[in-house]
Every structure is written in structure tokens, then in C-alpha cells.
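Visitor: So you can see what is in the structure, the chains are spelled out below.
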Amino acid sequence: MATDFRLKEQLSALTDRIVDSYQDIGSINHLGHCPLPSTSAVVEIINDLKEILYPGYRRRQNLHLGNVTYYVGDLVDGLHDKLTQQISRALRYDYDQKHGEDCDQRRLIDFEARGQQEAIRFLDSLPDMRRILATDAQAAYDGDPAASGLHEIIFCYPGLEAVTVHRIAHQLYRQRIPLIPRMMSEYSHSLTGIDIHPGATIGPSFFIDHGTGVVIGETCEIGTGVKVYQGVTLGALSFAKDGEGNLVRGTKRHPTIRDRVVIYANATILGGGTIVGEQSVVGASVWLTKSVPPNTMVTIETPSLRLREAS
Amino acid sequence: MATDFRLKEQLSALTDRIVDSYQDIGSINHLGHCPLPSTSAVVEIINDLKEILYPGYRRRQNLHLGNVTYYVGDLVDGLHDKLTQQISRALRYDYDQKHGEDCDQRRLIDFEARGQQEAIRFLDSLPDMRRILATDAQAAYDGDPAASGLHEIIFCYPGLEAVTVHRIAHQLYRQRIPLIPRMMSEYSHSLTGIDIHPGATIGPSFFIDHGTGVVIGETCEIGTGVKVYQGVTLGALSFAKDGEGNLVRGTKRHPTIRDRVVIYANATILGGGTIVGEQSVVGASVWLTKSVPPNTMVTIETPSLRLREAS
Amino acid sequence: MATDFRLKEQLSALTDRIVDSYQDIGSINHLGHCPLPSTSAVVEIINDLKEILYPGYRRRQNLHLGNVTYYVGDLVDGLHDKLTQQISRALRYDYDQKHGEDCDQRRLIDFEARGQQEAIRFLDSLPDMRRILATDAQAAYDGDPAASGLHEIIFCYPGLEAVTVHRIAHQLYRQRIPLIPRMMSEYSHSLTGIDIHPGATIGPSFFIDHGTGVVIGETCEIGTGVKVYQGVTLGALSFAKDGEGNLVRGTKRHPTIRDRVVIYANATILGGGTIVGEQSVVGASVWLTKSVPPNTMVTIETPSLRLREAS
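Chains as they are written, first to last, in this note's numbering: chain A, 1 to 311; chain B, 312 to 622; chain C, 623 to 933.
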């Protein structure tokens with residue numbers, strides 16, 4: 001390559017200008033602090049967990065009841081270590097943020113001990129999580145005439161992918177682990193186009209079909225056997241602000257969806273006080289900011305369209 | 312790391328509880344059966360096929376007519392083996408599901424022979440597929456004023472990516488290969504946000520612009536020269552159920568779109584009996600459940616909006 | 623595997639048919655020309671740039687002001703070479719397209735020299751880019767009650783991801799580098815579901831929440847402190863054609879959004895002459911093709927819904 005080395009000599013001055021900007025604009029760099037959780041480690045944890053939750057579908061084939069214990073035991077052992085390290089980092093980061101400390105080495109062992117406890121508490125939740133995920137897979141089969149069987153759903157359906165990662169992330173959210181739940185849900189969002197905040201509470205037998213564009217907010221409560229289609233937003237109506245004009249965080253801002261509700265494509269349901277009653281159906285493209293009683297079918301008025309000859 | 316090993320000893324009991332759940336809840340594990348098709352092998356097959364369909368753009372550069380035969384020949388040879396193996400597995404899985412068998416080794420050779428035949432039948436379709444994909448790339452150039460040329464479209468356009476994978480998956484769907492077509496289309500869905508069921512029939516010169524949120528159902532029929540924008544749903548209106556309340560699978564549930572129709576962003580067209588006639592235009596955000604004659608422009612009524620001073 | 627080798631012998635005839643199609647249908651292959659930019663190299667460049675723009679969050683941890691200069695200096699040095707090579711290829715390709723030349727080796731050095739100049743001009747823009755990205759991250763925190771802090775936003779928010787890649791791609795677009803800006807924006811589109819054309823002009827403190835389905839067209843102009851939600855389209859109303867029926871490229875086709883405007887989920891704003899005035903609010907699902915004065919709140923009429931008992 002015909003590099004002009006005189007030009008290239010400018011680069012060291014440029015490097016200095018970039019590094020200077022780390023001091024001027026400190027808000028978007030992370031220098032001289034304890035390490036944060038690692039995105040790639042979090043993705044590895046999700047993929048290990050999928051091997052345990054749905055054995056025989058992905059990385060490892062030819063598993064049977066005679067060898068699966070070794071395989072799963074090894075995965076659990078590795079997950080214990082990975083989760084302990086990542087959770088410790090997240091707890092440490094959170095503590096330092098809140099207490100204005102900066103990676104005081106004397107406290108290191110405390111955070112690792114708490115990280116291990118939380119890792120084990122999380123792993124303990126896996127058998128129950130499988131029980132619920134089996135209802136989600138079955139709900140997809142029962143709800144989609146294009147599904148040829150459970151295997152196709154476990155292999156291919158982005159809805160099951162998103163719900164699986166949500167149930168993992170929500171468990172960690174309930175354990176009040178900082179950062180990691182949202183890293184998980186955004187990884188799944190990137191794969192599926194389905195954006196479920198880890199805080200959302202979702203009952204068993206949940207099915208999202210197609211899924212691209214679905215948004216489910218932090219304080220949503222969703223019952224049993226709910227079915228949701230692509231483009232559905234379960235969102236906030238407006239944000240409360242405090243006396244100083246800052247957003248109030250932590251209030252119920254997103255709707256409540258009761259058991260066996262179906263919400264068709266691109267419907268928008270907004271507001272923390274909005275409740276869709278049991279077994280109701282919300283039609284495609286409905287825009288809803290008020291509660292709906294049980295057993296109600298809500299549809300848009302057949303829209304007036306204009307037809308004229310195409311030019 | 313300050314691991315507490317007494318805590319860690321709990322893990323073997325946990326592993327046992329997880330493995331027990333594989334017996335209790337057998338629907339979402341695949342243990343002791345013939346291996347299923349592999350997601351990573353299917354992705355590799357797609358990427359090898361793209362090298363053949365669009366040579367010189369991706370992995371291998373500096374190809375010319377003097378060396379491209381060796382490169383393509385080698386890819387075709389490898390694809391023959393990969394496709395044979397994955398198709399055999401899918402056929403085997405399907406047979407076992409339907410006949411309640413479980414990986415009877417005596418039948419192994421039969422499935423491999425059928426797998427090879429289907430692999431060769433598929434590879435034979437590639438020259439014609441290139442002919443059609445060239446019309447799709449040209450349609451993108453003709454339809455998008457932001458496109459600087461065909462190279463940009465082949466490199467970057469998610470619409471062409473989705474249509475390419477669809478034409479591959481649809482060929483395998485027509486050969487009645489189980490599982491693999493949907494694995495392919497969901498891989499493409501994950502990359503592009505465009506969800507085309509492998510069963511959809513799509514004519515040449517098809518262009519999807521932007522594409523995120525597009526859903527095209529299994530029984531759609533789309534003519535020649537159709538153009539579709541982001542967020543368009545070509546979906547089902549409702550699902551028929553049989554006497555026992557189970558979904559009826561396999562009926563025509565999704566619309567028919569005739570030649571040279573344009574469908575703008577976020578339009579929703581539903582129902583197996585809905586036909587949009589030749590050269591018609593469906594405007595942005597239109598919601599359509601009835602047929603439209605040829606040469607018709609359908610738009611929403613200019614919506615009444617409320618304007619007031621922002622607080 | 624039970625391969626039938628007589629069947630496999632057909633493959634060489636098939637290879638010949640495929641290679642023949644490269645001559646018949648030359649529009650979608652790139653044989654015997656100068657190498658094009660490489661998608662994987664472009665992705666590597668983006669990831670290296672993120673390490674410089676947000677140090678300490680991704681690949682490399684344990685950075686502090688004592689060692690960050692070495693790390694960044696090394697990245698800048700590598701980026702100089704990668705950018706020079708990829709930009710040279712893009713310039714070369716563009717020249718050959720326009721002048722009907724085909725990789726004349728005598729001109730090689732000219733393109734590399736220009737590539738290096740443009741690479742250095744691009745790298746020089748990084749300190750200012752960091753300044754603007756810090757305002758984008760802060761806008762996300764100020765605008766989302768679910769955000770726990772800036773770290774969560776930098777780690778997880780697809781909106782910041784998309785804006786970061788946009789600011790990189792837009793700088794190269796302003797330097798009139800062909801192909802590479804769009805390769806970058808479509809990489810980001812694939813990860814986030816947010817489709818921002820590299821040509822769009824976007825002021826500081828820009829925040830996209832959730833983001834899936836957002837489309838921002840090439841000739842959009844967006845002011846300071848604008849906030850946009852999922853599914854928003856800032857698009858073209860119709861395309862001008864010249865006397866021969868070909869699309870006119872390069873005119874202002876997309877709207878202008880002034881300072882501190884908020885656009886809620888799934889709103890559609892179309893047309894190159896449409897201006898949304900300062901501090902106005904466009905409600906969810908609004909469909910707008912006309913200008914709106916400053917300080918205006920635009921909402922849809924509360925839609926009439928039909929409620930009946932669900933069957």
C-alpha cells in the first residue's frame with residue numbers, strides 16, 4: 001500500500017486529542033473503575049442456559065438419558081462460575097455508583113460471595129422455568145396454524161426465543177441484579193425485533209406470533225394464556241415528572257392484560273391504569289387508552305377508504 | 312475468585328432436578344432420538360449459496376471467469392454433502408414423528424439416498440433462481456431513488472437478502488423438506504426484520520423497501536413486479552377450527568396480490584379471499600379485508616387530527 | 623454417508639450451467655474487476671470505532687488514564703490502514719463505474735492516496751463526534767424513566783447503537799465516500815431494526831426509544847433534542863420521475879423536524895415539504911403529510927371502536 005508516512009504522523013496528535021476528550025467528556029467512558037459485566041459473557045450465559053432448557057436442539061446432539069446428566073452437570077458447573085463473576089461485577093458497579101466509591105479492593109470478597117449466592121438462587125429456578133417454557137411452546141403450537149410441530153417452534157420461532165430470554169432476565173430482575181437483565185433483553189431484542197423489558201410480569205402459556213416491533217413495557221402485567229401479534233405496543237401514556245422537571249421512575253406506567261386475552265397485529269394499548277379484562281380480544285390496529293371489560297371484542301370501525309383509478 | 316465450595320456442592324442436586332424435569336416435561340427436549348438438522352449447518356448452507364448466487368461480493372474477492380469455475384465447483388461439491396446430510400435428518404425426523412418410530416438404524420440408508428436426490432434436485436434449481444434474483448435486484452434499483460446502483464443493493468439491501476433466502480427456502484418447501492425451510496426463513500427474519508413464510512408464492516421483480524416489520528403469510532400469492540414497504544402485513548383474518556376446537560391447518564388464509572401492485576408502509580391486508588387487482592396501489596396505513604379491482608388507488612381518508620398548543 | 627457417486631457426477635455439469643449464468647446474467651456478479659469493499663472489514667471498523675468512542679465498555683476492560691493512550695493509539699493506527707484500504711476500494715469502484723474503466727493498475731496509487739486522505743479526515747472528526755454522542759446518551763437518560771443510568775444506555779440501548787453508527791456513516795457520506803456508509807447503516811439496521819439513511823442530518827441530543835421499525839429517509843433534517851419512538855416513519859410522499867419515467871434521484875423527499883420535537887410510536891410523517899415546528903409533539907399513530915406550526919400538539923381523534931361480546 002502506498003502509505004504517506006508524513007500524513008500518518010498526524011495520528012499521534014489525534015490520539016492525544018481523543019484521550020483528552022475522555023477527561024473533558026467523562027460521561028461515556030469507563031476508565032479506572034472496576035470492570036463492568038461483559039456483553040459477550042452475558043450472551044454465552046444465555047446460550048448455555050438454552051442448552052439446559054431445551055437439550056438436544058442446538059449445540060449438542062445425540063444426547064440421551066444415559067449421558068445428559070454429564071452434559072448438563074458440566075454446563076451448570078460452568079454457569080455457576082460465569083454467573084458468579086458477572087453478577088459480582090454488576091453488584092459492585094451498582095454499589096460504587098450509589099456510594100461514590102471506586103473499586104475499593106477490600107470489599108472485593110463481599111461482592112463475590114453475594115454474586116455466588118445470587119448465581120445459585122438463579123440456577124435453582126431453572127426446573128420451574130422449564131415447566132413454564134413448556135406451556136409457552138405448547139401455546140405457540142395451539143395458536144398458529146402454520147406450525148408443524150413443537151420442534152419447529154423450539155428451533156425457529158422468534159416468539160419463543162424472546163419469551164425464553166425474558167423468563168431468564170426477569171428472574172435476575174426479581175433478584176435485583178443490576179444491568180445484566182437489560183443486557184439480556186436487548187440481546188434478544190436485536191435477534192427477534194421483540195422488546196420486552198425484564199421487569200414485565202408474564203404468566204404461563206404466552207405466545208407472540210411473528211413478533212417484529214412488539215414492545216412490552218417495564219410495569220406491564222400479563223396473565224395466563226395471552227397471545228400477542230407483531231407490532232403490538234403495551235406502553236406508557238405519559239411520564240410523570242417531579243417538582244424539578246425530572247422523570248419519576250418506578251411507577252406503574254404500562255397496562256394490565258388479564259388471562260386468555262388476544263391482541264392482534266399493531267394494536268397499541270397505553271397507560272398504567274388500562275386493564276384489558278379476561279378473555280377479551282383486541283383487534284388489529286386498535287388504539288386503546290381505556291380499560292375494557294372481560295369477554296369483550298374490541299375492533300376498529302371499518303375504516304373509510306378512498307378508491308380511485310390509479311394513474 | 313472466592314468461591315464457597317460448600318455452596319457449590321448443591322449444584323449436583325440441582326443437576327439431578329433439571330434432568331428429572333426432562334422426564335416429567337418431555338415436550339421441549341430431544342433426547343435419545345436421531346439428530347435433528349443443525350441450525351449452524353443451515354446458516355452455513357445459506358452463506359455458501361449466496362457465494363454462488365452473487366459471486367465476488369462477499370467472502371471471496373478477485374474472482375474472474377478463469378478461476379470462478381473452480382471456486383463454484385468446490386462450493387457445489389460441499390453443498391451437495393451438507394444438504395444431503397441436513398435434508399436426510401429432516402426427512403428422518405418427519406418420518407419418525409409420523410410413524411412413531413425412533414431412529415431405526417435399518418432405515419438409515421433409505422433416508423440418505425432420498426436426502427441426496429433432494430439435494431441434487433435443489434442444486435439444479437440454482438441457475439433459474441439466479442435469473443429471478445437478477446430481476447429482484449433490478450426492481451430494487453428501479454424502485455428506490457436512494458439506490459446508487461446494483462452493487463449497493465446486493466451488498467446492503469435487507470429486502471434483497473430476505474427475498475434471496477425466501478427463494479431458497481421456498482424451493483425446499485416445494486420439495487416438501489420438513490423443518491429446514493422455516494429454519495432458513497427465521498434466520499433471515501432475524502437479520503432483516505422481514506418475516507416471509509417459506510410457503511408464500513412470490514413472482515419475479517419483487518422489491519421490499521426498508522422492510523422491518525413486514526409479515527407475509529404461508530398461503531400468500533404474489534404476482535410479478537410487486538413492491539412492498541416496511542411494516543406491511545399480508546395476514547390471516549381469522550382461523551378456522553375443526554369440531555374439536557383445534558386449528559385447521561393448510562387452508563388458504565392469506566391474500567392474493569396481482570402483478571405490479573404497490574403496497575405502502577404499514578398497510579394491513581388480511582384474508583384468504585382478499586385479492587388486490589393488477590397494478591393497484593394500496594396507500595400507507597390502509598387496513599383492507601376486501602378485494603380491490605385492478606388499477607385502483609386505495610388510500611385512507613385524510614385523518615382528522617387534533618391540534619392544540621403543546622403544554 | 624451412503625453417497626451415490628453416479629448422481630454426484632452430475633454436479634460438474636451443474637457447475638458449468640451456473641458459471642454460464644454468470645455470463646448470461648452479469649448484473650448480479652462481480653467477476654474480473656477490482657475488489658469491492660468487504661462487509662466484514664466494514665463491521666470490524668465499526669467495532670474498533672466503538673472502542674474508541676466508548677472506551678472501557680466492550681472488548682477491553684481495566685482501562686485507565688495511564689494505559690488508555692496506548693490502547694487508543696494502537697486502534698487509531700489500525701483504523702488508519704483499514705479505512706484507507708476500504709475507502710480506496712470504494713473510490714476505485716465508483717470511478718470505474720462512472721468512467722467505464724476496469725481496474726486499470728496504473729491508477730492504483732492515486733486511489734490509495736485519496737483513500738488515505740479521506741481516512742485521516744474521518745479520524746480527525748472523532749473527538750467532535752464523541753462530544754455529540756455524549757449529548758445523545760444524556761438525552762436517552764433524560765427521556766426514559768426505565769433507564770437506570772448512562773452505563774445501561776451505553777451497554778444496551780439500540781437507539782444509541784443506531785445513532786452512533788449513523789454519526790459514523792454520515793461523516794463518511796459527507797466526505798462522499800461511496801458504498802461504505804450504506805453498508806454501515808444496514809449493519810446497524812440489522813442489529814436494531816432502526817433504518818436511518820446515512821444522508822439524514824441529525825442534530826445533537828437525539829433519542830430513539832425501543833426503535834424497531836423506525837425509518838428515517840435520506841433527505842430528512844432533524845434539529846436538536848428530538849425524541850422518536852418505535853415504528854416512526856419519516857418518509858417520502860411520492861417519487862418524481864423524469865421524462866423517460868425514471869426516478870429522479872437527489873431531491874428533498876423527506877420531512878424536516880425542528881428542535882425539541884417529540885414523535886410518538888408508529889407516527890408517519892411524509893414529504894419533503896413537511897416541516898414539524900419547534901417543540902411540537904406528534905402523537906402515537908398520527909399520519910401527517912402537512913406542516914405543523916411550532917409548539918403544537920398533534921394527536922389522532924380518539925378512534926371510534928366497536929365493542930361487542932367475544933364469542
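Please note that the accuracy of each hint is not assured.
[Unchecked claim] Derived, one-sided and incomplete: chain C residues facing chain B with beta-carbon distance under 8 Å:
1) 629
2) 637
3) 652
4) 665
5) 669
6) 672
7) 819
8) 823
9) 835
10) 864
11) 890
12) 921
These are computed hints drawn from the structure, not numbers from a lab.
All residues carry an ideal CB built from backbone N, CA and C; glycine is no exception.
Visitor: Would you mind marking each hint as holding or not holding in the structure?
Guide: Results of checking the hints against the structure:
1. 629: holds (6 Å)
2. 637: Because about 4 Å separates residue 637 of chain C from the closest Cβ in chain B, which is inside the 8 Å limit, the hint holds.
3. 652: holds (3 Å)
4. 665: violated (12 Å)
5. 669: At about 18 Å, which exceeds the 8 Å cut-off, the nearest Cβ of chain B leaves the hint on residue 669 of chain C violated.
6. 672: Since chain B brings no Cβ nearer than about 20 Å to residue 672 of chain C, farther than 8 Å, the hint is violated.
7. 819: holds (6 Å)
8. 823: Violated. Min distance 15 Å.
9. 835: holds (5 Å)
10. 864: violated (11 Å)
11. 890: holds (6 Å)
12. 921: holds (5 Å)
Of the numbered hints given earlier, the model fails hints 4, 5, 6, 8 and 10; all others are met.
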